[in-house]
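The task is to assemble the complex, starting from two chains supplied on their own in separate frames and drawing on the hints.
Going line by line, the protein sequences match chains C and W.
Heads up: the first sequence runs through residues 1 to 338, numbered per the numbering used here.
Heads up: the second sequence runs through residues 339 to 701, numbered per the numbering used here.
For the record, the hints were derived by calculation from the structure and aren't laboratory data.
Where is the CB? At the ideal position from N, CA and C, for every residue including glycine.
It is possible that some hints are incorrect.
Quick list of the computed label-pair ranges, beta carbon to beta carbon [stated by the list, open to error]:
id : chain 1 : residue 1 : chain 2 : residue 2 : range
1  : C       : Gln206    : W       : Leu415    : 48 to 54 Å
2  : C       : Thr313    : W       : Glu502    : 53 to 59 Å
3  : W       : Leu435    : C       : Glu279    : 57 to 63 Å
4  : C       : Lys270    : W       : Pro517    : 41 to 47 Å
5  : C       : Ala47     : W       : Leu435    : 50 to 56 Å
6  : W       : Pro559    : C       : Lys22     : 43 to 49 Å
7  : W       : Ser614    : C       : Lys330    : 20 to 26 Å
8  : C       : Glu266    : W       : Ser443    : 55 to 61 Å
9  : C       : Glu279    : W       : Leu415    : 39 to 45 Å
10 : C       : Glu266    : W       : Glu500    : 50 to 56 Å
11 : C       : Gly26     : W       : Glu502    : 51 to 57 Å
12 : C       : Lys330    : W       : Leu415    : 36 to 42 Å
Listed next, the in silico SDA-like pairs over lysine to any residue satisfying Cα-Cα at most 25 Å (straight line) [claimed, not checked]:
id : chain 1 : residue 1 : chain 2 : residue 2
13 : C       : Lys289    : W       : Ser582
14 : C       : Lys264    : W       : Gln662
15 : C       : Lys324    : C       : Pro78
16 : W       : Lys644    : C       : Ser317
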Amino acid sequence: MDDTTKRLLHRLIRRTSTEMLKTTLGKWGRLTMAQRQSLDFTQSKSALTEELLTLCEKNGWTVKNVAELEMIHVIDNPNQGMWHAYRLMDPEDDACSVELTQFKERFKTHLSEVVRHVSVKTKKHTDEAVWIRIAWGDTFSRPNHLKPTYVVYHLQTPYVFVTSLTSKQKPLLSQALILSTRYQGFKDANLSGRKLTAIRDLLMKQYPLVFPTNFSSPVAEKDQTMSNPCIIKEQDGLEAKRLQMARGAFGDGVLPQLESAVYKLETKFKDQTNRIMTEREEPFRCVVKFTSTNLLESFRQCAASGIVSPPITPLFSSIPLKGKNYFALKDKTLGSSP
Amino acid sequence: MICVIVSVLRTPHSSVAVQMRGKRKSCRQSYSSCLGASSRLGLKPVLTGRRLNTSRRAPKSHSITEKVTPEQLALLLKTEWKLSYVTPLYQFRHTQLRSYCRQLSAFIAAEKQQGLAVEVEGMQSGYRVSFSAVQGMAEADDDAETVTIQIHSKSMLAKQDEPEKLVWSGWLSCINGNPDYLHSLPNDFTCLPLFGSSGQEVFTFLVQSWFQKTFDCCFGPLEINHTSLQWLAALWTNCHTESSIQHLKLIWTLPVEPQLQITYTVNPQDAWSLWSSVRKDPEEENEGEEESIDFEEVVRFIQGLKNHFYKHFRLDLSAGTLKQVSTALGSAKYSGRIKISNSRYMITTLTLLTEAALLKMPI
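Bound conformation, chain W alone (with noise of 0.2 Å):
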């Protein structure tokens, strides 16, 4: 059994042929298809294939304080998240989460007595699952509200005062998600697109090995690509007049022999500067509209960074790869991790990554 939700896991694409064929009942909508017929019918204005939105909201400064219990949101911040995107996930229930805790832990006793490592230090006598939903997070009226999962290794020897140990913790989430996509599933199906973990590895692995096996959905690695990064550092310099960035760090590599390594770091005032200079004339902005941000305008910003860069060493930076980008409101890196460090500008962050995860789903 082991062996075949090995297979799964690392080859998303043939899973969901072979789950279509066998079950019939998995959603066989894509994103990409489903953004391809709006458009033919004039839906939506320009969205070619499989790319991320070329204009955006500005980000605003969220009064997601007020609406989420600062216990749930120190859950989702200052953690460093690998990602992953899930497909939507059959007959999942936010009223169940009771009864998924109880089925998880076993799911994870059972997995640990059939010899599958779980390496944890000292006598461990199970394990403490908990789910909870956020209450306040979703943002469209169509999204699903985000569950956070949790891991407690509970210990032979503990005391009885003594705190359970944390050993993992991961969340899925929606954040405005593309409507008319959301609105083509049919109705058993919740879509929570973006998965994040952090913790040991083998319990990620039991995790979505639990989820594919209960909710027939797939789990695949989600970059945080090129495109992405790029936003990102707009985004965040976007917001430097309310909320500090204290600087604005990104990082290249050059494919050369020894690899090349190219930290640049820009003073925040600066960066806002030339990020404020590549902004359309607001004027021309429709009035009334909110301000929205164009990826025109994000290009120019780095470009302008490039530019600047290229006169002084002669180097083209579009020779290398974007691998990170992070500022003081968070940081993302090209292999899919993400670490949100402001939760004003949470939500800004989540919308762009909840897009970016319903691309990568598999056709």
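So here's chain C without its partners, still in its complex pose (with noise of 0.2 Å):
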């Protein structure tokens, strides 16, 4: 057994829950039934992994096999790591019928063919998507486990989500990506985040986003149903309003849990207090970083507490209308990308 094998399996077991392992271990299946009623989960984290280290070197389990075993854990906790989002474009007329074998096969064989030590495992998720583990090496070094990259594609659709992927290996990807799905382009999405199936929701559109119309009111009907429109004060009138405004923008329901949006402004300075200021020609070039546990939840709270003036801006009402969270503007463009 190498020593990679060995520091894959310690970090893995370092990072999971010790009852999340015994679930893992289960899935994974490379125990023996007698060696998984010997493993005893109450003892401490150190010496539970002392003995899987010594089931392993008496297993001769590869590298492979952990790798695989660390891919059940992925597949199974998909809310850590930075996920970035990307978008296939251009789809070629036989897109729309690749198969889950014919994917996996043509991805294997092209990217073999730009790097020349890869490892590829791919898994079939329950929900359509095909799971790619991929560990990189170069012409001189063998691929590193240590530090593979997950590629989560959900098949006849153009979205892609990535995590660990350095700038180097992505015109990689992108090239294995597009030869075997049969589009023609692969872009940024302009759209990332911790929690995958937050990010997959928002870009897929699979939250139950309940936008009331612009021509249907239905607080104003309600608080005539309920109560007397005589004593409706207009405190009451200006709530009910606001209230509208953020369902309006960010709808009634659960949010999807993003933790933040940047906007890249290169516009020109608006302050009518400030003469020098906007009269000058230059934009005015900052970055806004919003951040939150659930930062679709906290707007939608600054709109119904009226720390949000109406109506809400675009800039953030794009975010879950155009599932992105990068924002670079500029005047004449407004509300563009790079």
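This is the structure we're talking about:
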């Protein structure tokens, strides 16, 4: 058993809770029934690690075996690490008929063509997503299993989610993906977050966004039926309006848990009280980053409580509408991204 | 005994009262009452109540490196310090620093024996405390020289040539302290109102306890409030032409659930342009006088940033709290943590903080 295998196993055990480890090992299926039953999960983490390392040696697990164990763990715990969304562009005519086996074979072949040493492992998850684990090497070095890239591709869709990809590896992955999915382009979707499920839901519009239309006003109607219209105070009216506005932009239900949004502004300085700056030709360059444990919920609260004045800027409502959380703004082409 | 010290630390106000009744030697006069008196006498133009100065000198590019040795400057720079205020020290002598080293070492050893948890890995045979005065830091004639304190741990197992490990460092300072207040102090008092510490909390606690016991003073937490943070943003930006600020970063938090944090990072050149646009016409200022900055200009600067932000996001940053300001020259946090990265503008920053510390002292 080589050092990498040990380190990979050791790191995995350290990052996983005992309970989770038990489940993951069960799914992996490389322990004999007797070995599984003899493992004591109540002992300390370090003792358990020692026991598993001994078993690893005894059973002759390879680095690929342990990489598979890691993959099972990552698939079950997708909300870790930083996920970046990408979009495949311009499908060929046969793009929608690419099947799993076909995709897997092509992807491996195409990636091996551009990278001499690479280790690819794919797995299909229940939700139509193909999980790919790539350990990168180069002409001179063997694949590094300690720094793998994970790719989640939803078959027959243009959406790809990637974690731990360096800028050097990006064109290689892009090429292999384009060729094996029968698309012609690969573009940054300007959406990233720690929760894979949240950014997937945002991009694929898989969350229950209940947007009231501009023409109906359910809040006002409700008010009228519930209380005497004569005693509705102006205050209540304002509050109701704010609530309606908040719901209009961010919907009514549970929101996908996004942690941040970044706006790179290169726009003319806007402040009526400052003539010198407002008359300046050059744009005012700044970067504004909003962070929260649940950003969209914070925005909805800001709108509902009146911290954000009506109407809500498209800069905020674009996040759920366009499925983006990185925006670069320049004058004239407002709302466009690089 | 430890118990008593804890209560002193937690409730500076009541402890002062106790000390005043008990020993009658604590310094009674507070900074704000002094300010009040002097403004009534017409010594100072308009200083109302417990507020920071509304005008201060523009930071000069100080030749501090010529006055203070690089080793001593290095002790103060690039470390993030947790700030506290300290009331004037009774019978503190800069000539006695060597004796203070011994006394504080002995105090720490004694407290450790009494079972106060001093958690350090490995076997410790003791601590070596060093006090030193930083010559050349003081700006005004009335400023007492800054004092630095360092605690090194001596390991029993360490080889002879192995360097001792620095476990804690701190300093006490007074830069451009209000002369009226400093003159009003009785002779036996030394005013070093600003205390910075870095290292394990337990040492901060021990050092403060020893100071309280020895110099009959009291400590309290010093936040860098909204006004001071705005001042620092402007003072640092004002330096940009001489020493690049790299960026001006301001962090606000907004009171919604879950909490929203906004990080506003401005291009250094554009921050400087905005700052220049809000400066008063230099012709309006009296000739021959040193360049000064008014708080009015600081407010206009921050308001400009807020207005530009509002135009894009329709969100008024005034609804939130300014929590942090940082540039390449330093960073300051509302929680009372400061890092000064460039010695050239250290004096300006410390002048502001000295003033804030004097204001925070209990009456």
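Outcome of the hint check:
1. About 52 Å separates the C-beta atoms of C/Gln206 and W/Leu415, a value consistent with the hinted range of 48 to 54 Å.
2. Separation of C/Thr313 from W/Glu502 is about 57 Å and conforms to the stated range, judged on CB atoms against 53 to 59 Å.
3. Range check, W/Leu435 to C/Glu279: about 58 Å between beta-carbon atoms, so the 57 to 63 Å window is met.
4. A beta carbon spacing of about 44 Å between C/Lys270 and W/Pro517 agrees with the range 41 to 47 Å that was offered as a hint.
5. The hint said 50 to 56 Å for the Cβ distance between C/Ala47 and W/Leu435, and at roughly 52 Å that hint holds.
6. Between W/Pro559 and C/Lys22, the C-beta spacing of about 47 Å keeps the proposed range 43 to 49 Å intact.
7. With their beta carbons about 24 Å apart, W/Ser614 and C/Lys330 fall inside the hinted range of 20 to 26 Å.
8. The beta-carbon spacing between C/Glu266 and W/Ser443, approximately 58 Å, falls within the hinted interval of 55 to 61 Å.
9. Range check, C/Glu279 to W/Leu415: Cβ separation about 40 Å, and the 39 to 45 Å hint holds.
10. Between C/Glu266 and W/Glu500 the Cβ separation comes to about 54 Å, which falls inside the hinted range of 50 to 56 Å.
11. Distance hint check: the CB atoms of C/Gly26 and W/Glu502 are about 52 Å apart, consistent with the given range 51 to 57 Å.
12. Take C/Lys330 and W/Leu415: their Cβ atoms lie about 39 Å apart, and the range 36 to 42 Å holds.
13. Pair hint C/Lys289 plus W/Ser582 holds up; C-alpha atoms about 23 Å apart against a cutoff of 25 Å.
14. Distance hint between C/Lys264 and W/Gln662 is fulfilled; the C-alpha atoms sit about 20 Å from each other, no more than 25 Å.
15. Straight-line distance between C-alpha atoms of C/Lys324 and C/Pro78 comes to about 20 Å, which keeps the hinted pair within the 25 Å bound.
16. The hinted pair formed by W/Lys644 and C/Ser317 meets the criterion: a straight-line CA distance of about 21 Å does not exceed 25 Å.
Going down the numbered hints, you'll see the structure goes against none, and every one checks out.
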